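Guided by the hints, dock chain H onto chain S, whose structure is given.
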Amino acid sequence: MADTTKKNPLVRISKRSDIKGWKAMGIRAIAFVIALLIVGVVSTATVGGDIIKIYTTLFIGNLMTQRTVWALLESIAFLLLVSLAVTPAFKMRFWNIGAEGQTLMGVLGAAMIVNYLGGKIPEPALLLLMFATSIIFAAVWAVVPALFKAYFNTNETLFTLMMNYVAIQLVKFFIQAWSGKGNTGSKDFNYGYLPKIGGNEYLLGILIVVVITVLVTIYLKRSKHGYELSVVGESENTARYIGINVKAVIIRTMILSGVLCGVLGFILFGKSANLYETAAGGRGFTAILVSWLAKFNPIYMVGTSSLVAFLQSGAKRAGDLYSAGKFFTDLTVGIFFFCIIASEFFINYTVKFRKKTQKIISEVAIEEKVEEVNE
Amino acid sequence: MNPIAIELKGVSKRFGEVVANKNVNLTVYKNEILSLLGENGSGKTTLMNMISGIYFPDEGSIEINGKPVVIGSPRDAHNYKIGMIHQHFKLVDVFSAADNIILGEKMPVYSVRGEAKECLKALPTDSVVKEVEKDGKTTKTLDFNTLWGYLKVYLKIAALPFIKFGKKVAFDFLKKNRVKELQAVADKYGFEIDLKKKIYELSVSEKQTVEIIKVLYRGAEILILDEPTAVLTPQETLKLFAVLRRMREDGKAIIIITHKLNEVMAISDKVAILRKGEHIATVNTAETNEKELTEMMVGKKVSLNIDRDDPVNPVDRLKVKGLTVINHDKIKLLDDVNFVARSGEILGIAGIAGSGQRELLESIAGLVKFDGGDIVYYDPQKNNEEVDLKSKTPVQIRDLGVRLSFVPEDRLGMGLVGNMDIVDNMMLRSYKRGHSLFVDRKAPSKLADEIVHDLEVVTPNTRTAVRKLSGGNVQKVLVGREIASAPTVLMAAYPVRGLDINSSYTIYNLLNEQKKKGVAVIFVGEDLDVLIELCDRILVLCAGKITGIVDARNITKEEVGLLMTKTEEVKEVE
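Chains S and H, in that order, are what the protein sequence lines are.
Heads up: the first sequence begins at 1 in the working numbering, then just goes up one per residue.
Heads up: the second sequence begins at 1 in the working numbering, then just goes up one per residue.
Chain S on its own, in the form it takes in the complex:
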């Protein structure tokens, strides 16, 4: 006979069926506060320094001057654009983690036009050509894994990831080829700057992203294409059943992903007319998180990308404060992501602890009491 004194399990995890909106937000808020506390502890332990100062830099540092506010808005916009680019693919359950490389190819496309045609044709024509080439380069980079997925059912995650490294090496190659011996870091150009609106270097990029956000929202929610790709994502069998051409949808959607990355590549190049291998700045990877946290909803994505970009830039400033470097930024942002993602577990599941008085035991106890009294 097995051990009968075995106790009920100490902790049990069960799925929540529904959680009220305010409760979910509350859990997220708690996670945020916990993250803040951990960041406080970690920063005192690593860089020393005044916690209050770190907190204020983290939050207010971004908002000190007009320029920093614009820079923040711009980084939000760029992150949002890549997130919008990966979202249609994600909704289709095509895990495109190659937005980094696709964006970089966009940058390279623009650089290529400037390198060969810069100064030889009028500026508007140059910009137009840059834009077209960026889009084509990025779209090609995106469509290759899509073709392989559609026709040979290769794993898109690995494929898109590997394409990133190919893109980086290509950029390195061209930098070297164009700038001659010795220089491998970056290549500056004199042409291909984006026009400034009213003297503001940030505004054009932000406006483009606003327009694209609206368009992508409509595309996903209202268009037939958007409907088809969500059917394909939810169930390929259903898509087959109603006669959706699954291959075509995969390829089409990845082209869209690539085009959006290409737009960002074009803007990124147009800001500095500079080609370097980290031009995409890791946004292609951060975007995965932004898109997931927003549950693939472009409107929520405005919020999540704001949060992420805000934290990143705040943490960078806090790091600079103590000249702690990039590691501090990554650490801080990592702690926040960790806590926020962990909070999703508590939103979906509830954890119950063993009750101290078990029914069985209390019944036995009562019986014993009764016997005592009888005696």
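Keep in mind that a hint or two might mislead.
Taking lysine-lysine pairs in the BS3-like style, the calculated list, with each CA pair at most 30 Å apart, reads [unchecked claim]:
| hint | chain 1 | residue 1 | chain 2 | residue 2 |
| --- | --- | --- | --- | --- |
| 1 | H | Lys545 | H | Lys198 |
| 2 | H | Lys276 | S | Lys224 |
| 3 | H | Lys330 | S | Lys149 |
| 4 | H | Lys197 | S | Lys352 |
| 5 | H | Lys330 | S | Lys15 |
| 6 | H | Lys442 | S | Lys224 |
| 7 | H | Lys468 | S | Lys23 |
| 8 | H | Lys330 | S | Lys295 |
Rough simulated footprint, nothing fancy, chain S against chain H, three-plus residues with beta-carbon under 8 Å [said to hold, decoys possible]:
| hint | region |
| --- | --- |
| 9 | 6–20 |
| 10 | 393–403 |
| 11 | 419–427 |
| 12 | 520–528 |
No lab work stands behind these hints: they were computed from the structure.
As the structure is a prediction and not an experimental result, all values here were calculated from the model.
Note that beta-carbon positions come from the ideal geometry of N, C-alpha and C, so glycine has one too.
Frame of chain S, contents of chain H only:
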């Protein structure tokens, strides 16, 4: 009175808002077969999962042989001699039946560290150096006895790993030669099976037998079978029942989950009825009847008759000629299938699960490319002109004006999208209409309202994700959508699988309505009683071949059952 095997006291289980079981009291006796009867979602499986350690009850207690126990894991359940045979078999295909049965069997725990500790207790307490008094002087000498005592202990400890290894070799050797022992268990209860065969060579009923032997071999005294007859032919069911009775005589307590009333009456001694998670009653089978049980199960009176009118001028609507489908492994899933579906008639398709039913319907719907044969549709709007459906995609078929509706077997995986709401699911069929780039949700929304109203779909609103609806309501949404396009051919694969009695009859009535409208209905079913009652003709498939097309009005269940198992071998193509 038989002794009590297991007793549940006030057991409750909730999943979020859903109450799966509420204060259930259930007693199972030895030497007894108890049927657990209830509609889908009434909490039968949840209750059994709590006994077999998959779920843990929120409230209440479980007693085995009169002692309260805590079953926290399947391993605990195993220790308490509880065995469950699941609906979906958990077997390794490329292993032999015997290997599957002994799979995961562990040799008794033999811990070298623990044994060593035991050995150390035997260490001599005396010192090795003995002081001997001799001539008034104390001289120190080695005491060889004590030394030997020490050595013995250390030698033994050193040998422990080898002993463990030896035991393991012996255990593995014996394990591989268990077949005889297992065959004895099989023969004892009258199972007809060769345990040396690989699982992939076995039929569904043989696989089930393997599962049962596995549970018996592990010493289960309380057996739980989750819908065991769902995959069996009538003949196989009878055999299973004979085995169950033999196990009952052997002192086992058997719980069988089912919702087929005739089987409940045939096999069980007692019936426990669950409704909406609550235990309604436990009655002696001998003192009740099917009608009474149904009423307890549903909670109200229901009529259990299916209407069947004679077909009104049937004409050929769909002709399948020599249809052959070969899969990647070059096995013929469909082999030279010929039949005609007529308007105003329900054509039933019977067969053991996986006999080619799915391929047949999917070939007609344009989802599967077939390797031979023709499918011809006679268009009633063009004076029954022939339309060739060979190698057409679903879209092409629709564009040809063929009004073909298909209710697939996998409702949420194929017919509908679980995460989408009812309106978006309505759109699946119609979203492509028009040249606009954008989808129109007005018409689908109206259709969704109509279906919810007409078919009494229980849902908070039409914006609810389909996956949140119960099985019956999901099926109403799917069938409703397929019927809404005014089909001339309606194919339905297992449309009542998993549905409760009321929903099932709603579906039968819908099929009958379509038949009256002159639709050619093709109905793939698993319950032979229903097929015989509902259909006009029954086509029997066996391993991809038609073994008979019979008149449903003049045939018995047993005759259909025989046709279902007419040929067993799988043919390979070069």
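So, going through the hints one by one against the coordinates:
| no. | hint | in the structure |
| --- | --- | --- |
| 1 | H:Lys545 to H:Lys198 | holds (24 Å) |
| 2 | H:Lys276 to S:Lys224 | violated (41 Å) |
| 3 | H:Lys330 to S:Lys149 | holds (25 Å) |
| 4 | H:Lys197 to S:Lys352 | violated (46 Å) |
| 5 | H:Lys330 to S:Lys15 | violated (44 Å) |
| 6 | H:Lys442 to S:Lys224 | holds (14 Å) |
| 7 | H:Lys468 to S:Lys23 | holds (21 Å) |
| 8 | H:Lys330 to S:Lys295 | violated (43 Å) |
| 9 | 6–20 | holds (count 4) |
| 10 | 393–403 | holds (count 4) |
| 11 | 419–427 | holds (count 4) |
| 12 | 520–528 | violated (count 0) |
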